[in-house]
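Following the hints, put chain B in place on chain A, whose structure we already have.
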Amino acid sequence: MISLSSYLVISLFLFLCGITVMIARKNIIAILLGIELILNASALNFVAYSRFGHNNIDGHIMALFIIVIAAAEAAVGLAIAIRYFQNRETIHIDSATQLQS
Amino acid sequence: MEYDISQILPIVLLPFGAFVLNALIVKKIPRVAVFLSCLSIFVSFLFAANIFKDFFFSKYASDFYVHRVFEWFNLNGGNQTFSVKMGIYLDNMSSVMLLMVTGTAFLIHIFSTFYMKEDARYGRFFVYLSLFSSAMLGLVLSDNLLSVFIFWEIMGFCSYSLIGFYFEKEGAGNASLKAFMTTRVGDVFFLFGIIALWTTVGSVSFVDIYSAINDGLLSSNISILIWSFPVVTVAAISIFLGTIGKSAQFPLQVWLPDAMWGPTPCSALIHAATMVAAGVYLSLRMYPLMQAGGLLIPIAYIGAITAFGAATIALIQTDIKAVLAYSTISQLGYMVLGIGVGAYNASFMHLITHAVFKACLFLSAGSIIHSLHDHHTHAHVQEMPRMGGLKKKMPYTFIAMLFCTLAISGVPLFSGFVSKDRILGDALLMATHNNLYIIPALLGFGGAFLTAFYMFRMMFLTFFGEPRDKELFDHVHTEKLKWNQNVPLLILTVFTLGFWYSGSFSGQGLVKVYDAKYEWFQTLIKAPKISEFQNYTSIGMTEKFTSNEIVSSKYEPDEGETEEESHHAHSVHHVGAIISILIAISGILMAWLMYIMKTVNPGWWVTTFTRWYRALQNKYYFDDFYIKGVIQKLLLPLNRTLSFFDMGIFDRYAIDGWAAINRFFYKTSRWFDNVVVDSILVDGTGVSVRFFNVLLRTIQNGKIQFYFIVFIAVLAGYIFSLKPLVN
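Residue numbers (our numbering), protein chains in the order written: chain A, 206 to 306; chain B, 99 to 825.
Take these hints with a grain of salt, some might be off.
Dumping the calculated SDA-like pairs for lysine to any residue here, alpha-carbon to alpha-carbon at most 25 Å [said to hold, decoys possible]:
(1) B:K821 to A:Y212
(2) B:K578 to B:I497
(3) B:K801 to A:Y212
(4) B:K183 to B:K627
(5) B:K696 to B:I497
(6) A:K231 to B:V812
Label pairs and their calculated CB-CB ranges [said to hold, decoys possible]:
(7) B:R795 to A:Q291: 29 to 35 Å
(8) B:F806 to A:H259: 49 to 55 Å
(9) A:Q291 to B:R788: 25 to 31 Å
(10) A:R256 to B:K821: 53 to 59 Å
(11) A:I272 to B:F806: 19 to 25 Å
(12) A:V273 to B:F790: 41 to 47 Å
(13) A:M206 to B:F806: 32 to 38 Å
(14) B:R795 to A:V273: 35 to 41 Å
(15) A:I272 to B:G782: 28 to 34 Å
These aren't lab readings, by the way, just hints derived from the structure by calculation.
Note that the Cβ used here is the ideal one computed from N, Cα and C, for glycine as well.
Just chain A, same shape as in the assembly (with noise of 0.2 Å):
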């Protein structure tokens, strides 16, 4: 029997890989990566406080809407490093300094 403090293990570790890739890469798209890693271990945390807690389906349903939120973020964090490169023919974090082209 898979305990649930091995599924928060194995969130805990995406989610200090996610936030590790977030603050230490410094190009745009391995920013979404680690965003997605983190979004991906807390749907895992949804998913295992539903299996071990209460017993009901509202953490699967929380964790489909993670999934969803997470592809339509990665659409407009894509589409915005898209415009970015094509701004600045560069997608490097810290060029991002101004909100106008």
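Coordinates of chain B only, in the frame set by chain A:
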């Protein structure tokens, strides 16, 4: 005929207005200033003559007066009122005085246009003359001692300015200071007397003082240190000390001879005719006070000593102006003697006659000095040993001076005889009643002899004999009649005749030309009767005088005396008159023997009485006494002590100590200011702002990944901090 204030006030205000105007324009247009001065005093003279005319033709009784007051200022504090009233007081005495002052002043103004014409400060001289005339006229019209004091001080200032008129000369500067400081001694006492009267009477108006004396208000005691005196005595002494200072009486006479440093016309106006007479005038006005204060005998002594002592000094003077200066002191002594022996009328008459002939004498001296011009030193000559024989060259001046000299010597028919003889006759009369008066009477007669002698000595040395300085004599131009040189002298000369004043040629009523009622001086001038001022209420300035107020009174020479007394008085007066005549003639004869006939050698007197001669030369050592004794021995140590107290004790301990205390507080507050306020509060604000600035600037650095770190850290913080709440 109604009297209006507008007929009286211009007498004072015109010369004063001329002074104010001239002070502004004198630098630009001195000639206009001079003209204005002369014109203003002339118009004043016309006003004064108009008033005098009314009084003279017996329109008013001898005890008539116009008194109008207005409130100068009024300080009301609770139930205590302090009101100072000013006003004018015009009686017979003022009217005569006004005429004399304006008349002589006008003639002196005219003469000054001749005498001062070459002077660099021609205009300025007239500015002072105008101020002086207005002050003297104001004093005459004053109704109270306070305004008398104000005008008195203005005259003191004018005197100071005019004595020091040639301030380039050191002697003139010193003389002006000396005159100012010496009269100041008297003025301080005068002010003290005013204060004493004010505190007792509550007013310093003449009429209030008279009525207070009448009511016996002044007999209360005033205590000075441990002694206590009646107020009336203290006030009388103080006010008489003012007279002593101003009229150059015995202890304070030292300033007047030095005052001769001023230009001669100003000597005529100030130091002979009017200003020094102001002191006597004040004493006459305060005669009831002097009488009530029991001061008449000391006054008689002071007057007699002054009259005799100054006459002795005049014997050996060689400067023509110095002779006149000492004769002025001497004659003022006679006036004061007259007050002392109760010869109110004669004293005032001598004031008037003396003013006329002394003004004329000084102007004549000025005329002589102006003519004698030393071509080597380019200075005017005043020394009589260098004169002589001027009779031929200056006939008009000679006539004027001869008449005045006859007048001052007391030769019958001349004004000086009339007035001086009345004083001496009264002194003799008092001496027969009271032994204490014998010495003043004797000194008075002795002084009269000396007066005749030294005045004729001056005449003989100046006008008679051979010229002693031939070169100087040859440079003198023969005098022509000039409107501003000789004419004023000759006009004054006319009034040295006795009948103008006495109504009879002899003056003693021995040879009567007219009836006794023409003795206008006797009729008009009377010592104020204090009983008439009881329950007096003052009248406002604007109210007119109507003829209803006149109460005509007749002159009765023997009023209030029994037949025996009056017979005694008459016989004593006759004796006095005869002695006076003999004395005057013998004095003149003595001078004639010494300086014309040369049968008596003046040098013999000098060698025989060397010590006395030296004492006379040193003016009885009065200057030495004052400078070496009073000033150096008394005042200088006192000043040193005071200055030690001031510099050594007060400055060092009180002022420096206070400074040290202040310095301590200043240091403490500087520390507080620097450390607490500046360092901690002011700079601390800045430091804290900078700290948060650095902190917030570091956080908000624009790097999004750093925001993530912060975001996560904050999130972690929330979690850790909220964790205990969950459990």
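**OP:** Run the structure past the numbered hints and jot down the numbers of the failing ones, going up.
**Re:** 3, 8, 9, 10 and 15
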